[in-house]
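S.K.: Residues per chain, in single letters:
Number of protein chains: 2
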Amino acid sequence: MQVIDLTHTIEEGMPAYPGSEGVRLESLAGIDPDGYNELMLHFPTHTGTHIDCGRHFLAGGPDTSRNPERFIGRGLVIDCQRQGKARIIAKTYLQQFESRLKQADFVIFHTGWSRFWGTTDYFSGFPVPDQEAARYLTGFQLKGIGTDTVSFDHIDSHEFQIHKIFLAAGFTLIENLANLKKLPMEGFLFSCLPLKIKDGDGSPVRAVGVLGTTGN
Amino acid sequence: MQVIDLTHTIEEGMPAYPGSEGVRLESLAGIDPDGYNELMLHFPTHTGTHIDCGRHFLAGGPDTSRNPERFIGRGLVIDCQRQGKARIIAKTYLQQFESRLKQADFVIFHTGWSRFWGTTDYFSGFPVPDQEAARYLTGFQLKGIGTDTVSFDHIDSHEFQIHKIFLAAGFTLIENLANLKKLPMEGFLFSCLPLKIKDGDGSPVRAVGVLGTTGN
Chain P
1 MQVIDLTHTI EEGMPAYPGS EGVRLESLAG IDPDGYNELM LHFPTHTGTH IDCGRHFLAG
61 GPDTSRNPER FIGRGLVIDC QRQGKARIIA KTYLQQFESR LKQADFVIFH TGWSRFWGTT
121 DYFSGFPVPD QEAARYLTGF QLKGIGTDTV SFDHIDSHEF QIHKIFLAAG FTLIENLANL
181 KKLPMEGFLF SCLPLKIKDG DGSPVRAVGV LGTTGN
Chain S
217 MQVIDLTHTI EEGMPAYPGS EGVRLESLAG IDPDGYNELM LHFPTHTGTH IDCGRHFLAG
277 GPDTSRNPER FIGRGLVIDC QRQGKARIIA KTYLQQFESR LKQADFVIFH TGWSRFWGTT
337 DYFSGFPVPD QEAARYLTGF QLKGIGTDTV SFDHIDSHEF QIHKIFLAAG FTLIENLANL
397 KKLPMEGFLF SCLPLKIKDG DGSPVRAVGV LGTTGN
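Line by line, the protein sequences are chains P and S. As numbered in the numbering used here, residues 1 to 216 make up the first sequence, in order. As numbered in the numbering used here, residues 217 to 432 make up the second sequence, in order.
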């Protein structure tokens with residue numbers, strides 16, 4: 001079994017969605033003199049590599065606390081690195097993967113944008129699916145959609161229409177994924193299990209791809 | 217594939233280790249009027265169902281940020297419900313599982329103590345392994361040890377000797393597990409993937425057992 005870490009490290013000063021609260025890691029105790037280390041964590045639910053649940057945009061939508069099987073399943077990586085210049089992941093591009101989409105639980109867009117993590121370029125110009133592509137994906141029995149960008153909507157979006165199309169379909173969204181180039185296209189288990197936060201609209205996660213195991 | 221949730225819910229007022237900081241879930245935004253829900257999380261690394269990494273007690277010990285394969289593997293549940301009165305899980309009791317211990321990555325003590333979660337009884341009188349039992353377990357190629365109690369040392373311990381024996385052996389410790397009665401003895405994948413916190417001594421986790429998949 002091989003576990004591929006698809007997660008950015010949570011640390012003070014890390015990149016955050018424009019205008020959002022940052023991360024604070026407060027020392028509660030240290031080995032000298034307390035005999036042990038302990039940190040107090042302070043950060044928003046949408047920190048770093050994280051999920052959005054329905055509740056993020058939909059009143060009464062699903063939260064982080066129930067049905068953990070929604071957060072683990074068969075992954076399919078779609079290479080979208082050539083879609084960068086167009087800033088759009090189109091339905092016509094996705095259709096070539098139709099037979100694979102029928103076998104997948106999670107679709108993961110590999111846009112290559114994680115190479116800009118830690119720079120201002122990370123927050124603009126990244127490719128996202130358009131509404132036609134998003135509606136096309138809601139026709140499959142998926143658990144969720146992941147991406148290595150900060151959002152499924154362009155950074156200047158006020159309506160978050162792509163988020164809402166996916167969340168209304170019951171999908172979980174995973175943003176700010178890392179290391180996607182280390183994944184095969186298929187044949188791995190993807191896990192984005194969130195903290196079990198009461199009424200949680202989302203959660204930072206330790207996203208991983210697990211090879212050498214099977215799920216159905 | 218079936219996913220069994222082994223995690224207590226994170227919420228304000230939840231049980232916490234005596235003297236430790238509590239949980240605060242602060243609303244940063246609400247659908248009315250902001251158009252979306254978002255929470256700010258405030259809690260210690262050892263909140264609810266959580267892991268201890270080496271770094272919790274050992275300077276320079278492993279932290280949460282590296283080698284995620286340490287946090288997922290084949291589980292073995294050991295029924296310790298009859299060890300409650302003695303308050304001790306003894307080597308002589310564990311030895312009957314020797315052949316199974318050789319095949320496991322994670323040993324999970326099912327003491328039944330999670331039935332006291334939310335009451336003062338949860339924090340005293342729970343069974344823990346003694347030093348002889350702990351040293352016996354370090355002789356196996358394990359990734360970690362889990363329990364449905366608040367600690368691997370008695371609540372009045374100042375030295376945390378059992379923690380230190382396990383952590384010095386490179387094990388991850390998982391405390392405050394829930395719903396263990398829903399697990400089979402073997403034949404499941406156990407996951408306790410932590411948040412990827414820089415220099416993290418531990419992390420709350422979404423602990424699960426996954427049935428219908430294989431790992432080796």
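Take these hints with a grain of salt, some might be off.
[As the list claims (entries may be wrong)] Simulated crosslink set (DSSO-like; lysine-lysine; CA at most 30 Å straight-line):
| no. | chain 1 | residue 1 | chain 2 | residue 2 |
| --- | --- | --- | --- | --- |
| 1 | P | K143 | S | K397 |
| 2 | P | K143 | P | K181 |
| 3 | S | K398 | P | K143 |
[Stated by the list, open to error] A few chain S residues that face chain P, going by a derived Cβ cut-off under 7 Å, partial list only:
| no. | residue |
| --- | --- |
| 4 | I226 |
| 5 | V239 |
| 6 | D250 |
| 7 | N253 |
| 8 | E254 |
| 9 | H258 |
| 10 | T335 |
| 11 | D337 |
| 12 | K414 |
| 13 | D417 |
| 14 | L427 |
| 15 | T429 |
Since the hints were derived computationally from the structure, they do not count as laboratory data. Backbone N, C-alpha and C fix where the C-beta goes; we use that ideal spot for every residue, glycine too.
S.K.: Decide, hint by hint, whether the structure agrees.
M.R.: Going through the hints against the structure:
For the hint pairing K143(P) with K397(S), the CA-to-CA distance comes to about 27 Å; that is within 30 Å, so the pair holds. A C-alpha spacing of about 22 Å is found between K143(P) and K181(P), which places the hinted pair at or below 30 Å, so the restraint holds. Between K398(S) and K143(P) the CA atoms are separated by roughly 24 Å; this keeps the pair inside 30 Å, and the hint holds. Residue-level restraint check for I226(S) holds (minimum Cβ-Cβ distance to chain P is 5 Å; threshold 7 Å).
Checking V239(S) against chain P: minimum C-beta separation of about 9 Å lies over 7 Å; hint violated. With a cut of 7 Å, the hint placing D250(S) at the interface with chain P is violated, because the nearest CB-to-CB distance is about 10 Å. For N253(S), the shortest C-beta to C-beta distance to chain P is roughly 4 Å, which falls under 7 Å, so the interface hint holds. Evaluation of the E254(S) hint against chain P yields a held restraint, the C-beta minimum of about 6 Å falling below 7 Å.
The beta carbon of H258(S) is positioned within 7 Å of a beta carbon in chain P (closest approach about 5 Å), and the interface hint is therefore held. For T335(S), the shortest C-beta to C-beta distance to chain P is roughly 19 Å, which exceeds 7 Å, and the interface hint is violated. Evaluation of the D337(S) hint against chain P yields a violated restraint, the C-beta minimum of about 23 Å exceeding 7 Å. This hint holds: K414(S) has a C-beta 4 Å from the nearest C-beta of chain P, less than the 7 Å allowed.
Interface restraint check: D417(S) against chain P, minimum CB-CB distance 4 Å, threshold 7 Å, status holds. Checking L427(S) against chain P: minimum C-beta separation of about 10 Å lies over 7 Å; hint violated. Satisfaction of the interface hint for T429(S) is found here, the shortest Cβ-Cβ separation to chain P being roughly 5 Å, below the 7 Å cut-off.
When the structure is compared with the earlier hints, violations turn up for hints 5, 6, 10, 11 and 14 and for no others.
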